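**Q** Residue-level listing of the chains:
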Amino acid sequence: MIEARLKVATCSLAGCFGCHMSLLDLDERLFDLAERVELDRSPLTDIKELGECDIGLIEGGVCNAENVHVLMEFRARCKTLIAIGACALNGGIPAMRNQFALKDCLEESYLRGMGLVDPQIPNDPEIPLLLAQVHPVHEVVKIDYFLPGCPPSADTIWTFVSQLLSGQSAVLSYTQIHYD
Amino acid sequence: MSEQPHFTLDGRRVPFADGQTLMTAALEAGIYIPHLCFNPEFAPHGSCRVCLVKVNGRVQAACTTPAAAGLTVQSEIEELREMRRGILQMLFVEGNHVCPACEKSGACQLQAVAYYVGMLAPHYTHFYPRRPVDASHPEAVLDFNRCILCELCVRASRDVDGKNVFAVQGRGIQARLVVNTPSGQLGATPFSIDDKAAQVCPTGTILLKHRGYETPIGQRLYDRKPISMVGDVAQLPESRGGRRHD
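If you read the sequences in order, they're chains V and L. Note that the working numbering gives residue 64 to position 64 of the first sequence, counting from 1, and the numbers run on in steps of one. Note that the working numbering gives residue 184 to position 184 of the second sequence, counting from 1, and the numbers run on in steps of one.
Calculated directly from the structure, the hints in this document are not laboratory data. Mixed in with the good hints there might be a few duds.
[As the list claims (entries may be wrong)] Cβ pair distances, simulated, as ranges:
#1 L:Arg-211 - V:Leu-6: 43 to 49 angstroms
#2 V:Asp-46 - L:Met-90: 40 to 46 angstroms
#3 L:Glu-139 - V:Gln-163: 45 to 51 angstroms
#4 L:Lys-209 - V:Gln-163: 42 to 48 angstroms
#5 V:Leu-6 - L:Arg-224: 32 to 38 angstroms
[To be verified] A partial selection of chain L residues facing chain V, derived with a Cβ cut-off under 7 angstroms:
#6 Cys-99
#7 Pro-100
#8 Ala-101
#9 Ser-105
#10 Gln-111
#11 Leu-120
#12 Ala-121
#13 Thr-125
#14 Tyr-128
#15 Arg-130
#16 Ile-217
#17 Pro-226
[Unchecked claim] Stretches of chain V that chain L covers, calculated by requiring three or more beta carbons in the stretch to come under 8 angstroms of a beta carbon on chain L:
#18 89-96
#19 134-148
#20 170-179
A quick note: this is a predicted structure, and the numbers were derived from the prediction, not measured. Built from N, CA and C at the ideal position, the CB exists for glycine as well.
Let the hints inform the model, and build the full structure from the sequences given.
**A** Encoded structure:
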């Protein structure tokens with residue numbers, strides 16, 4: 001009998017997709033993974049609507065209203081939610097803007113930047129509103145597991161995911177845990 | 001001839017001499033107790049609390065507790081690991097520790113101790129304090145975002161270099177590292193990168209300029225082996241290029 005594959009969703013909030021690249025670095029192990037999981041909403045599938053999932057992987061912190069919405073939806077639909085990478089865990093590089101007022105950041109980029117023609121701050125209603133500060137995901141929803149790294153290596157992700165899928169508790173070696 | 005006095009640390013017999021603390025005796029016996037504000041070359045400070053141990057059942061800082069015969073000391077127990085993890089998490093959220101963007105990453109004692117105690121994420125709500133960066137000195141940069149107030153640079157500059165370049169101003173959550181000049185700028189002091197104060201920072205607060213990424217990430221001190229095996233970065237002999245943290 002073929003076991004039902006676990007449903008996995010992934011997303012990149014205020015991140016650089018580096019953690020997703022690291023996931024793709026699993027290379028041929030992706031075939032093993034594909035036998036055990038089925039991808040739901042993910043940048044890799046381009047499915048827009050999130051279904052009921054067993055596992056959700058969150059890359060990136062929370063920098064705008066849409067990020068908050070997506071994150072809360074993931075929490076509501078995923079049994080186990082995993083924060084992956086420095087940005088999801090502590091805000092990371094995007095959170096370096098927390099040193100400045102949002103207004104100053106926008107003006108620096110869109111009004112005072114070099115080579116601008118007709119400079120203006122974008123305000124189309126379709127653009128998600130930025131939060132005053134960037135936050136790690138655990139400040140918004142409950143997170144079940146944290147996987148540090150910028151990004152976590154493919155080996156780290158593989159070790160963690162295979163332990164999780166086989167119901168073992170996560171045990172990572174010294175070299176698999178790093179914050180950079 | 002009388003036997004040398006000893007205490008037990010996690011069941012191991014640790015001999016000590018008069019005047020030694022639990023920390024210095026353990027260090028001499030080759031037993032690692034995690035620490036940040038402690039450096040064997042300086043008088044203990046007892047401020048970071050990372051070296052908490054249980055002494056006859058009571059939690060105390062190993063760096064300031066005098067060794068005494070017959071004490072039963074516990075260090076590597078889950079209860080203490082959890083407390084240490086909590087302390088590290090508080091240190092991380094109180095400042096701005098952006099490891100991926102820090103030149104000290106991989107050779108940072110704060111990071112290494114956090115790895116050692118098994119910190120995966122900062123857990124608490126981040127403060128994101130707004131702190132300055134002082135690049136006024138031609139050869140060193142001061143990034144106050146990473147300061148954990150261990151006062152090692154304060155002690156080194158005052159007690160070894162005789163320059164008194166650094167101080168801690170304010171109390172409680174207002175406490176912060178300052179430079180002892182009217183302008184508050186490091187460039188206006190006699191601070192030199194040959195000073196002891198330039199070598200003792202356990203984080204990336206005091207960094208030497210012009211040496212960025214000489215040692216690639218992945219090949220640094222704590223990238224392959226834990227701090228309990230390779231020791232404190234400030235205690236290692238100077239490497240090629242005069243740099244102590246690679």
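**Q** Confirm or reject each hint.
**A** Tested hints:
no.: 1; hint: L:Arg-211 - V:Leu-6: 43 to 49 angstroms; result: 47 angstroms, holds
no.: 2; hint: V:Asp-46 - L:Met-90: 40 to 46 angstroms; result: 41 angstroms, holds
no.: 3; hint: L:Glu-139 - V:Gln-163: 45 to 51 angstroms; result: 47 angstroms, holds
no.: 4; hint: L:Lys-209 - V:Gln-163: 42 to 48 angstroms; result: 43 angstroms, holds
no.: 5; hint: V:Leu-6 - L:Arg-224: 32 to 38 angstroms; result: 34 angstroms, holds
no.: 6; hint: Cys-99; result: 4 angstroms, holds
no.: 7; hint: Pro-100; result: 4 angstroms, holds
no.: 8; hint: Ala-101; result: 6 angstroms, holds
no.: 9; hint: Ser-105; result: 4 angstroms, holds
no.: 10; hint: Gln-111; result: 6 angstroms, holds
no.: 11; hint: Leu-120; result: 4 angstroms, holds
no.: 12; hint: Ala-121; result: 4 angstroms, holds
no.: 13; hint: Thr-125; result: 6 angstroms, holds
no.: 14; hint: Tyr-128; result: 4 angstroms, holds
no.: 15; hint: Arg-130; result: 5 angstroms, holds
no.: 16; hint: Ile-217; result: 6 angstroms, holds
no.: 17; hint: Pro-226; result: 6 angstroms, holds
no.: 18; hint: 89-96; result: holds (count 7)
no.: 19; hint: 134-148; result: holds (count 8)
no.: 20; hint: 170-179; result: holds (count 5)
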